[in-house]
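In order, the protein sequence lines correspond to chains A and B.
The letter at position 277 of the first sequence is residue 277 when you use this note's numbering, and the numbering goes up by one with no holes.
The letter at position 312 of the second sequence is residue 312 when you use this note's numbering, and the numbering goes up by one with no holes.
Honestly, the hints are just simulated from the structure, not real lab data.
Quick reminder that beta carbons are idealized off the backbone N, C-alpha and C, glycines included.
Hints may be right or wrong, so weigh each one.
What the hints assert, rightly or not - For lysine-lysine, the following BS3-like pairs were computed, each having C-alpha atoms within a straight-line distance of at most 25 Å:
| id | chain 1 | residue 1 | chain 2 | residue 2 |
| --- | --- | --- | --- | --- |
| 1 | A | Lys244 | B | Lys61 |
| 2 | A | Lys130 | B | Lys439 |
| 3 | B | Lys417 | B | Lys456 |
| 4 | B | Lys254 | A | Lys220 |
| 5 | B | Lys439 | A | Lys72 |
| 6 | B | Lys157 | A | Lys243 |
| 7 | A | Lys244 | B | Lys254 |
What the hints assert, rightly or not - Every beta carbon over 12 Å from chain B, so not counted as near; a handful from chain A, in silico:
| id | residue |
| --- | --- |
| 8 | Phe35 |
| 9 | Lys41 |
| 10 | Ala71 |
| 11 | Ala107 |
| 12 | Val141 |
| 13 | Asp207 |
| 14 | Lys220 |
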Amino acid sequence: MATAAKRENERLAIAKTYKIYIDGKFPRTESGRYFTLEDKKGAVIANICRGSRKDFRNAMVAARAAQGGWAKASAYLRGQILYRIAEMLEGRREQFVAELTLQGVAARAAEKEVDATIDRLIYFAGWADKYQQVFSSVNPVSSSHFNFSVLEPTGVVSMLAPETSGLLGLVSNIAPTIVGGNTCVVLASESLPLCAISFAEVLHASDVPAGVVNILTGFKSELIEHFASHMDVNAVIFCDGDKKTAKTVQEAASINIKHVIRRTDINWSDQSAQHPYLVRDTQEVKTTWHPIGV
Amino acid sequence: MAPDNKLAFDDGWQYSPAPESTDHIKLKKKYELYIGGEFVAPVEGKYFDTINPANEEKLSKVGLASTADVDKAVKAARKAFGAWSRLKAAERGKYIYRIARILQERSREFAAIESLDGGKPIRESRDIDVPLAAAHFFYYAGWADKLEYAFPGRNVKPLGVAGQVIPWNFPLLMASWKIAPALACGNTIILKPAETTPLTAMKLAEVVADAGLPPGVVNIITGAGDTGAAIVNHPGVDKIAFTGSTDVGRIIQKALAGTDKKYTLELGGKAANIIFADAAIDQAVEGIVNGIFFNQGHVCCAGSRLLVQESVAEAVIQKLKDRMETLIVGDPLDKNTDIGAINSAAQLKSIESYLAIGQEEGGEMFQSSCSVPDQGYWCRPTIFTGVSQSNRVVQEEIFGPVLAIQTFRTFDEAVSKANNTPYGLSGGIWTDKGAKIFKMTQSIRAGVIWANTFNKFDPTSPFGGYKESGVGREGGMHGLDAYLKLEA
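Excised from the complex, chain B in its bound form (with noise of 0.2 Å):
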């Protein structure tokens, strides 16, 4: 089956630039740490720039927050969290619905700067990262004063104070999936986003004292890793939350040992994006490239695996390739853009050397002919053929728009080589019979499955890995388990 509708996207017709204007945001030359409801000088006077990936220029510099600091902001939310968890749930509520209406309002300048600080396209960061997280806060506003109907028998408790420590791929969303359900259920927070895209969580910071959230209730405060390991380690903090890579969950989950701190870990993923025979093909390739090439592969739940039906393999993989050189990689800023920078030189250099590895494995390697900007980091969307399961680039994640491509015959060999990764963050299958979705949603071990569909988020639904992919979910009513004791 030669695809010969192939997409002419090259025949002479261009692109103009489509940027979406950054004179309406506010960005301060310096931000603090956000601590008691203030904004505090870091004690050790240190800072940090944060930069534009996209032009490797310095945006603005942040606080570095040392163990002095996380000590400051564990005490502000000790002291915080009397009153607020005693405060009338509904109330309590109603400040959570206030930060998703100021987000909501301001949601075009939290955009622009999430794709300045993190590279990610516009059309992403403003149609998905920014009203997801609003959304977010506004779901669990309501759980506020309704959590003695999620846990049937139990009377629930707020844990104390929460520690978090998010990602890069997804700066506010992660805050806002950290940060709503903590507060709706009482508890107190420190939230530490990554150290290469602070900026929408400092913002939030803004948000959340315009909001008028008693001082201490939330605290912002920037850093490496250094610092994350110090709100893990501080023995004040009553739960940590973690969103990172499976080898740092495993230190944390380690450091945690012998504490009676409550955790929950979303770790890494290399999840199986599943194409059936019988699937709509080019539905599917829609699929595939969701899957993996959404915010430059920076995504736990990436389908980096395509495990395709040997039958309908050739014509696949070439529609595939089609499509890929369609895909505009540039301006994250710019309206048209597919692909957005690479996050970090460091993030850049990683994956760099999976595509040397790949191809020192056997793997053939294509990547689209597409341009890149000069300046910044950046990365074509590639994909490998000819790998084994036991390819460093078919076990491990990469992070980026690397997609490892293996085949298969039978139903069975699929559910194999799907589940054959310590990974059971996600997957994806593609197929016109439900039947054979259900069999295989069932025998797929993993947290989150799409059917027909990739890479899909919302506040109602609860997201979280099997096996090294983590502890715990996050969303949905199932997502207030992780900050409450549940007591007979």
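If we strip away everything but chain A, and leave its shape as in the complex, we get (with noise of 0.2 Å):
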């Protein structure tokens, strides 16, 4: 929350709005609830909205909308729109270490963290049209046929972002998946949630297709098995968690074979955090045969 004028002439600040970001576009819940974000010393810092199961079930038809046409856009777009997120981030990079440090984060880490989240972005961004070529084959099969196997994206995944991470930890899970041709609904970290929504804002000044990407806000408690359980869920990446949450993931995906994907005690700082298996883990491998004749 802004804090009051000092003094008679000084300027009122505007405070932001934090709110969720869905098919594209800036809703509150739908609920109408909140959560409050607090500084150390106990003064609100913003009301964040508490998304409920239907702004997750919202989220999930933008998302699948959205999927075909994002996994047609050619790799070469897919490519040049991750380096245009790269480019707002850049832009704004004042913000987010502001609001990383409002959060609690030390100065010069943050500043680190954003940094390395542009430079993540440009990695993955120059991913798009290369993990194709590392990962696919053409196999040489003993009958008188044509064969490869390419990637192709498994559709839509939902994602638990990194609790400890609010910005670097959210942007290494969606720009792997997204530049793959999937489009995802994110919960943003509980406790660091205000770089996820205007993390939304640079994407949305980013050519990302209305979609693509969906950010809640909210408890992980509340809508964790939600994230698991949807029927229009391809995959669920969840990051950190314990193993009873895990079980709670595993069991609730179970429900239509989702791919599920865990990613805990990962220092999304590090160099090694950033590689093209995490594009393919949500690829699916099609293969396709063709006969050789006249």
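Starting from the two chains in their separate frames, assemble the complex, guided by the hints.
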């Protein structure tokens, strides 16, 4: 919340209302609920939307609708759009540093996190038109057939973002997912939600089609089961969480044989946290046969 | 377009019986469990019969593995893992090559036993199942010392002990799909074949022993669902590989929740075989027949739905019916047989229930008029026309020689109908236009697409499903992933 003007002639700052991001729009949660984000001293930083199951379902509809078109976008275009996200983030670097600091991250660490996030976007932007070549194959079958295997996006991915890395962790999971043509619905870190919503604004200004990334805020305990059980989700990525949480997610995911991708104990600021296998995690392998003959 | 060149197979010529000889095969009266490099009696001393589905006669009996036996097998595999995974990779590969070679040498024996125990035509077990199984071992043998080239930028490590549960439709072939990559990657194994088709797996245990594999590297135990569940739930197992129904796959995925076990699931399917008006129609009809009647339709990737473009539907269906009349249903060991025995009484009952459901839902059923033997389990090749997308015979996997036929007008309608099931294992497309093939292969949400062909398999070709058809791939370089840890 904005601090009050200290002196008579000082300008009163405009505080941002943090909303959620669904289908390229910034609605409030349909539930009308909120939770307060406080700083270390207990002062209210912002009222955060406490997203509901209905918000998630709305976001799923948007993500599914956007998926076909996004997957059909050329690899070159997807790469450029990811690059554009990095450009937009670079331009708003100070805002993100300030937001991280406001949430308790030390100034130097905040700067490093934003810089690393921008670089990570560039890293995955570059993979857009390359991972296919690394992971595809032409298969030397014994019969007279041309046979090849390519990667295709699995579809719609639900994602529980890392709890302790509000920006870098979030983007390190979104980028490899969407660069491969998937769309996603993301639940932001519960304790560090500000950057997620500001990142949605960056996405919004980066030619990312509506519905490709949808970001909710809210209580993980309330929403996790829906993220894992929704019948239109193809893969669920969940970061952090203990074994009990893993069990909940995996059990719910088994209803329709979702892919379950668990990412724990990852230091997102480390170079080892970026590799194309994160892209491959949400890809399917498709093999096509055709006879050779006249 | 009326088909005027109707095939005339019933004009007085008869096929003489051409049975494959079985006098050369070696079947024991009783098979024990293969654990720790030895055939050992099950702890509880229980056995169950395995019968020939073509005449309901007992072939042999096999051990019923209990939880205690599973535990023994896991301990044996665990004990063997250290030395096996540390063995020089090239040497590991050589053991697997040996298995491939012995299988090739004994191929006819395996083919005959496969047909006896499972009911599939000898032509298929001889020309497809057994040669492909040997080829699978040969292919993965060569990977053993080349794994680092398959995953650029990663270090690879074996997972440990793999529990593998396989179905009854391709008993030996599925065993090879499971065992070969697991061994090549340095894992040890507990394999359980299906309860109705245990014999070639137990014969494979003999091959493993003859190949001199160290004790405990491959353990093969027999039993039904309870034995499979004991493998899945055993804490000493690091990886589960399952091929079977989506319903059981769901149960397994749920059972593994909260554990660190890795898993691959190769589950059901309801593939659409899509025939466009510009297809080579006679070839397409052969593709339809191969798609649904291969192996009695006991094929997860069977082309069990036909989507035919409206303008040629009448002609295609008529040609299909004519072709169905020429199919020979009967003795699996006869080399002329096209369609063998349904694998079990239970499966026949399930298929027959779908025949009733299809008719109750308003579908029009056509079956060929062929004769079938009195003894054994048989189902005539069957098609349903006049069915709609929501009909159960269109949505659900029947796993028998039963084809549901729908028509379409436009490309988009074909795609929408093809994708409108929970499954995504395979699909077929028949057209003369290359551009249409590529558009269709990109539009069908399935792991294997056959264009102007169907039901082709190869060790180098990754296989596996989208959506509720499973998780992971088997075959090819991509199939290695299922048995390795990838580390930075």
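12 Å cut-off, C-beta based - Phe35 (chain A) kept clear of every residue in chain B: 28 Å, holds
Distance restraint between Lys244 (chain A) and Lys61 (chain B), which requires alpha-carbon spacing of 25 Å or less: Violated, because 43 Å separates the two Cα atoms, which is more than 25 Å.
Separation of Ala71 (chain A) from chain B, once the least beta-carbon distance is taken, above 12 Å: At about 9 Å from chain B, Ala71 (chain A) fails to clear the 12 Å cut-off, so the statement is violated.
Given hint Lys439 (chain B) paired with Lys130 (chain A) - CA-CA distance at most 25 Å: 22 Å, holds
Claimed clearance of chain B by Asp207 (chain A), with the beta carbon kept past 12 Å: The claim stands: Asp207 (chain A) keeps its Cβ more than 12 Å from every Cβ of chain B (closest is about 23 Å).
25 Å Cα cutoff - pair Lys417 (chain B), Lys456 (chain B): Within the cut-off at roughly 23 Å; holds.
Holds or violated: Lys157 (chain B) to Lys243 (chain A), with C-alpha atoms at most 25 Å apart: 23 Å, holds
Status of Lys41 (chain A), Cβ more than 12 Å from any chain B Cβ: 39 Å, holds
Hinted pair Lys254 (chain B) and Lys220 (chain A), Cα distance within 25 Å: 21 Å, holds
Restraint status (C-alpha distance of Lys439 (chain B) to Lys72 (chain A) at most 25 Å): Between Lys439 (chain B) and Lys72 (chain A) the Cα gap is close to 11 Å, so the pair holds against 25 Å.
Holds or violated: Lys244 (chain A) to Lys254 (chain B), with C-alpha atoms at most 25 Å apart: Since the Cα atoms of Lys244 (chain A) and Lys254 (chain B) sit roughly 13 Å apart, the hinted pair holds (cutoff 25 Å).
Nearest-CB test (12 Å) between chain B and Ala107 (chain A): 30 Å, holds
When each numbered hint is compared with the structure, violations occur for hints 1, 10, 12.
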